[in-house]
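Peer 1: Using the sequences plus the hints, can you model the full thing?
Protein sequence lines, in the order shown, are assigned to chains A and B.
With our numbering as the guide, the letters of the first sequence map in order to residues 1 to 144.
With our numbering as the guide, the letters of the second sequence map in order to residues 145 to 532.
Calculated from the structure, these hints are not laboratory results.
One should not assume that every hint holds.
[Claimed, not checked] One side only, chain A facing chain B, incomplete, derived with CB under 7 Å:
1) Val41
2) Gly44
3) Gln96
4) Gly115
[Stated by the list, open to error] DEER-style ranges, computed between Cβ atoms:
5) B/Gly392 - A/Asp52: 20 to 30 Å
6) A/His47 - B/Ala205: 31 to 41 Å
7) A/Arg120 - B/His225: 33 to 43 Å
8) B/Ala205 - A/Pro103: 54 to 64 Å
Keep in mind it's a predicted model, so treat the numbers as computed, not measured.
Note that the Cβ used here is the ideal one computed from N, Cα and C, for glycine as well.
Given next are the chains, with one letter for each unit.
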Amino acid sequence: MARVPIEAGFFRIPDDPDELPRLLGSRCPACAEVFFPRRLVCAGCLHEGTDDVDLATRGRIHTWTYCHVPMFGRSDVEVAGYGVGQVDLIDGPRVQSILVGGPEDLAIGLEVEIGLETLRTEPSGDDVVIYRFRPVGLAAGASS
Amino acid sequence: MRSGLCFDGVAIAGIGMVRFGMLREVPINHLARDAGLLALHDAGMTLADIDEAFVGYIQPASMLGIKAMKELGLTGLPVTHIENASATGLVAFREAAWAVSSGRADVAMALGFDKFTDMTRQSGRGAGRDQIDAPILPAAYFALWAQRRMYERGTTAEQFATIAAKNWNYGAACPTAHRRPDHVVTAAEVLGARMVAEPLTTMMCCPPDDGAACIIVARDDLVRARQPDRTLVRAVASSLQSESYAPGHTFVGPVVGPASMTRSAAEECYEAAALGPDDIDVAYCHDAFANEELEYYELLGFCPEGDAEALLADGSTGPGGRIPFNTDGGLLARGHPGGPTGLAMIHEAVLQLRGQADGRQVDGARVALAHLVGGGSVATVNLLQADR
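Peer 2: Right under this line is the structure:
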C-alpha cells in the first residue's frame, strides 16, 4: 500500500521506507534566506525567483506543548495526547509540527529528526501521512 | 508600509451587542438584527440615517453581511464585507471610522456577528483534514508562546492563571459576558481545570461563542447635536498591520504571528494619536488565551520587556489598578465569537468612557485602547477618547 501526503507540495515521501522524508523548501539566490514551504518571491528581500531545496532532516525544538484533547486529523482514533512544537531546522527555517513523545520526552533545545506519521488509512488502503519530528535517541516504540 | 490613521471629528453615535454564548436556537440574522437595532436605538437613529455599513464575520459564507443588513431594512446603502480573523470587528470599526473621517460618510455602521455553533455543526471535527496544518489544535500555537516565555522569563502557569481568574471575575460584573461565574474564581481553580495544551487549561482558553455587536460612528457635530447630555466619545486613531518578515517566521499552521507586530502596530497608533501608554486609562487586548494578555502588557508599552509579571503581581491591570485590562471579562469571559469580538470591545470601552460600566467602572476613564490580533496574521490597535 502506498503512503500519500496529507497535502501535496510540502514534503517528499521516499520510496525506501528506511529513508527519511524531506521537507520541500526554497533558498533565495540573492540573500540566501531559506524558507518552508516553497515560495517564488523571497519574503525578506523580495527577490523574484528562488531555488528549490530539500531541507535538513534535523533541527532543535524552539518551543513545544503537549495537547490533551484529540488531534483534528485523527478524530477516528483515540489518542491520549500529542506533542506540538516549533523546530528550528539546521539550515534555517522554523517549522511547526507534531512531535513524537510524551511531555517528559520534550524540551526546548532538544535535537529532533523528521519522520512520517500515519493519520489514517483510506478505503483504498493508502496511508495518509504527515511529517512529524522525534527527539533523537527516543526509543522507536514511543507513542506519538 | 503605512498603517496609522488619525481620525478627524469622528464620534461614537451608538453601541449595541447581544450577550455572547452558545445561542444555538437563534438564527445568525437575528443575532445581527438585534445588535444592529440596539445600536440604532442607542444612537436614536434608523437605518435611513446610516450612509455606509461595514460588516464583519469569519464564517465561510459569502454575502452573509448583506443578508444580515436586510433585517434592519433595505435602503440601498453601500455595504462592505470585512474579514480579518479574530481582528475582524476592530477592522470593521476602523473602516467605519475612516469612512466618516474621510468625509465620504456622515454616519457609518460597523456590524459583526458569528455563530461558532454553526461553524462546528457545518464543518465538524476533521473538516479540512486534508490540509497540512489541520491536525494541530489552534490552542496549541498560543501554548507554544506560553512555553517559550516560561523558558525565557521563568513565568509560571500560576501567573497565567491569575490573569484568567481576573478576567473571569470581571465577567461576573458584565451583563453581556458569556462566562459570569457565581463565585470568586481563584488562580487555583483555573489551574485545576482540564488541561488543553500545556500550560493552558480550559479556563485559560476563551469559549467558543455565538453573538453579534454593532457600533455606529458619525461626525462629532451630529452626535453632539443628537446627544447633548451624553459624554462624547471619539474614535481617535487606528493602526492595522500584517506581518513583517524576520528569521524564524512560520508560514504553515494557524500562525499566531510575530509578537513584534503588536508592538509596532501600537507604536504607529500612539504616533498617529499623539498619545502614549501613560495616557491610557483602560485597555482591551486579544486574551483568547491567558498568556497573551501578559505579553501584551509589554508589547502595548505598559511596562518594559520582562516586567509584565510585576505589573500583574501589583494589581495594576485589575480593578482599581493603574491600567485595568479587559474589564468586561475579555475574550476569556465576555467571549469570542469572531466577527463581533472587536465591536464588543468597543462597546465596553464606550460604556467605560461614558461612565456607564456599572460594577466594573474605571474611575474617571478618559482614554481606552482596543487591540486584537487575527491569526494568519494581523494586529490592530485602536484608541478612543472621551471629551471631558
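Peer 1: Determine for every hint whether it applies to the structure shown.
Peer 2: Here is how each hint holds up against the structure:
no. : hint                            : result
1   : Val41                           : violated, 11 Å
2   : Gly44                           : holds, 5 Å
3   : Gln96                           : holds, 4 Å
4   : Gly115                          : violated, 15 Å
5   : B/Gly392 - A/Asp52: 20 to 30 Å  : holds, 22 Å
6   : A/His47 - B/Ala205: 31 to 41 Å  : holds, 38 Å
7   : A/Arg120 - B/His225: 33 to 43 Å : holds, 35 Å
8   : B/Ala205 - A/Pro103: 54 to 64 Å : violated, 39 Å
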